[in-house]
Amino acid sequence: MTETTKYGLFFLGGVVVGALGAVAISRGKLDVKPLATDLLSTGLDLRDKVMAGVEGVKEDLADVMAEAEVKSQERKLAKEAQEAKQDGVAAEVAVTEEKPQVVA
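Throughout, our numbering is defined as the position within the sequence shown, counted from one, plus 36.
What the hints contain is simulated information worked out from the structure, not anything from laboratory work. Hints should not be assumed to be uniformly reliable.
Said to hold, decoys possible - Pairwise CB distance ranges (calculated):
{"id": "1", "residue 1": "K85", "residue 2": "K115", "range": "27 to 35 Å"}
{"id": "2", "residue 1": "D96", "residue 2": "R63", "range": "47 to 55 Å"}
{"id": "3", "residue 1": "T41", "residue 2": "E105", "range": "29 to 37 Å"}
{"id": "4", "residue 1": "D84", "residue 2": "G44", "range": "35 to 43 Å"}
{"id": "5", "residue 1": "L97", "residue 2": "Q122", "range": "50 to 58 Å"}
What the hints assert, rightly or not - Subject to a maximum C-alpha distance of 20 Å in a straight line, what follows is the list of computed SDA-like cross-link-like pairs (lysine to any residue):
{"id": "6", "residue 1": "K94", "residue 2": "R111"}
{"id": "7", "residue 1": "K121", "residue 2": "Q109"}
{"id": "8", "residue 1": "K94", "residue 2": "D84"}
{"id": "9", "residue 1": "K69", "residue 2": "G57"}
{"id": "10", "residue 1": "K107", "residue 2": "L97"}
{"id": "11", "residue 1": "K115", "residue 2": "E103"}
{"id": "12", "residue 1": "K85", "residue 2": "L75"}
{"id": "13", "residue 1": "K94", "residue 2": "E105"}
{"id": "14", "residue 1": "K85", "residue 2": "E95"}
{"id": "15", "residue 1": "K115", "residue 2": "D99"}
{"id": "16", "residue 1": "K112", "residue 2": "E95"}
{"id": "17", "residue 1": "K94", "residue 2": "R83"}
{"id": "18", "residue 1": "K107", "residue 2": "Q118"}
{"id": "19", "residue 1": "K85", "residue 2": "T73"}
{"id": "20", "residue 1": "K69", "residue 2": "L56"}
{"id": "21", "residue 1": "K42", "residue 2": "V52"}
{"id": "22", "residue 1": "K42", "residue 2": "V53"}
{"id": "23", "residue 1": "K121", "residue 2": "R111"}
{"id": "24", "residue 1": "K112", "residue 2": "D96"}
{"id": "25", "residue 1": "K107", "residue 2": "A117"}
{"id": "26", "residue 1": "K107", "residue 2": "E95"}
{"id": "27", "residue 1": "K94", "residue 2": "L82"}
{"id": "28", "residue 1": "K112", "residue 2": "A102"}
{"id": "29", "residue 1": "K85", "residue 2": "L97"}
{"id": "30", "residue 1": "K107", "residue 2": "E119"}
{"id": "31", "residue 1": "K69", "residue 2": "K85"}
{"id": "32", "residue 1": "K112", "residue 2": "Q122"}
{"id": "33", "residue 1": "K85", "residue 2": "D74"}
{"id": "34", "residue 1": "K42", "residue 2": "A60"}
{"id": "35", "residue 1": "K69", "residue 2": "D81"}
{"id": "36", "residue 1": "K112", "residue 2": "M101"}
{"id": "37", "residue 1": "K112", "residue 2": "K94"}
{"id": "38", "residue 1": "K94", "residue 2": "V106"}
{"id": "39", "residue 1": "K112", "residue 2": "D123"}
Only a predicted model underlies this, so the values are computations on that prediction, with no experimental measurement involved. By construction, the Cβ of each residue, glycine as well, lies at the ideal position given by its N, Cα and C atoms.
Sequences and hints are given; from them, build the entire structure.
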């Protein structure tokens with residue numbers, strides 16, 4: 037079965053289902069309004085739950101990012117303090133190694 041035939045059959049099936057739905061609604065055997073109302077209200081409730089979950093995840097990620105930035109700053113400051121300490125020790129060593137020469 038080729039792709040064209042497969043898509044053609046899907047289209048034909050959709051047309052048939054649509055026609056049957058139109059006939060059922062026009063004859064009044066199927067009351068669509070309560071069904072659609074229930075379906076939409078359930079969809080809205082689901083959307084609200086999903087959005088609440090998404091907001092919770094966003095807040096958690098914001099907290100994690102803030103903590104990561106603080107730790108990054110702490111590491112940078114510790115590294116700078118270590119480098120400053122090493123530079124200070126190197127300067128002291130350089131000063132003590134230079135001995136004044138006595139000229140007689």
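I'd like to know which numbered hints this structure contradicts. Please list them from smallest to largest. 1, 3, 5, 6, 15, 16, 24, 31, 34 and 37
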